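Protein chains: 2
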Amino acid sequence: MTTENKVRSGTNDAPLVLYGYWRSSAAYRVRLALNLKGLDYEQRFVHLVRDGGQQHGAEYRALNPHGRVPTLLHGERVLTQSPAILEYLEEVFPEPALLPGDPDGRARVRALGAVIACDIHPLNNLQVLKYLTGTLGVDEQARLEWYRHWVANGLDAFEALLAESDETGKFCHGNSPSLADCCLLPQVYNARRFDCDESRWANIRRICTALESIPAVDRAIPENQPDAE
Amino acid sequence: MTTENKVRSGTNDAPLVLYGYWRSSAAYRVRLALNLKGLDYEQRFVHLVRDGGQQHGAEYRALNPHGRVPTLLHGERVLTQSPAILEYLEEVFPEPALLPGDPDGRARVRALGAVIACDIHPLNNLQVLKYLTGTLGVDEQARLEWYRHWVANGLDAFEALLAESDETGKFCHGNSPSLADCCLLPQVYNARRFDCDESRWANIRRICTALESIPAVDRAIPENQPDAE
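Going down the list, the protein sequences come from chains A and B. Under our numbering, the residues of the first sequence are numbered 1377 to 1605, in order. Under our numbering, the residues of the second sequence are numbered 1377 to 1605, in order.
The following block holds chain A by itself, in its conformation from the complex:
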């Protein structure tokens, strides 16, 4: 990897500040993109459980009316929603690229990312799990089955998309990490936390192993964050 220790300058040289939480899958995606692009950033921590969820507090809501992490500040700009933040980083800090140069490849990477960001993760986030147990009175076992069901449903599709394409390389698309990889690794981290059976996802496991060997990726993993518990 040649993405480390790049120095940025010019009009984009405003400070980057990431509001996140070590275990937030969406914040993890953004840390991966920032690190792979070799960008320096300050982290500020929003504890998703403490104080009834600091993301719901007035201070954080002023930045992010939806009360979700992450939020990225770039100078005066306030950026929300991880898919939009990833695209912004790609546009403003294009090197190293996390999207391919051709529209077909870009569509493939974005579709892979959306399987996770639109079809798996939204069903398994903290607010949804709370609604299941709190409002619907779902028991622990049924909650776990719900979690694993949507992970399996989505990652089976993700694995099929990897297996059928000769665009799949060392990583999800070719031989350098892309935004699809930035979405995949956090989802697999969650799948492992919830003991999902990953044995049938051969391409996914192989790609995650390759990703984990990259120092910029290692620095983004939840356990290596200052707020990890």
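This list has only true hints and no planted wrong ones.
Since the list gives no way to pick one copy over another, a pair counts as held whenever it fits inside one copy or between any two copies.
Restricting the straight-line Cα-Cα distance to at most 25 Å, the calculated cross-link-like pairs of lysine to any residue (SDA-like) are: (1) Lys-1546 x Leu-1439; (2) Lys-1546 x Pro-1441; (3) Lys-1506 x Asp-1573; (4) Lys-1506 x Asn-1529; (5) Lys-1506 x Arg-1524; (6) Lys-1506 x Ala-1536; (7) Lys-1413 x Gly-1477.
Keep in mind that the hints were calculated from the coordinates and are not lab data. Small disclaimer: the values here were computed from a predicted structure and weren't measured.
Given the structure of chain A, go ahead and fit chain B onto it with the hints provided.
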């Protein structure tokens, strides 16, 4: 509007074929973008209920391993996941633009779109509603409350993002429709089907009324599709 009846030519002049379903919110987003860009396309219909859901059949799964609509064919290219399809259309058919020219504006439009595509719609799609009633045995009233809860949670945030920004214009971002509008109108259509209280979303209601007056938008609404029931 000057987006009607544009003639496309050159390398991008391959036929466009949209696999969708009249009431699919994600297919509706893509119809809006296609129509606003004045593109001709053939529609093929995937009935989400008939035959146990035609999206699960082998023929459709060969195109879309996840068994979700829409899928867009552009010549030989097979495009899945509505957010990725919208970005593809914007890249390949850039005029009229559905994303602003500046990275900040693009990030804002994408974030608005993601509130819907990542935070509301995934919780209320057909597969999820089936899991609630089938696997979890949730009753009709609780299912309806679930639906309305996630619509309100997301559209409250969407309305706040519109209300706080002077970038909001006749439409979600300025005075021409964007990808955010392509996501908003189908979500509001769903909210109305499920009798969600939209009285407090003044900006959203105003923008939807403006959108509905555009002929290209009118041609995209579910009731105007050949497979509408």
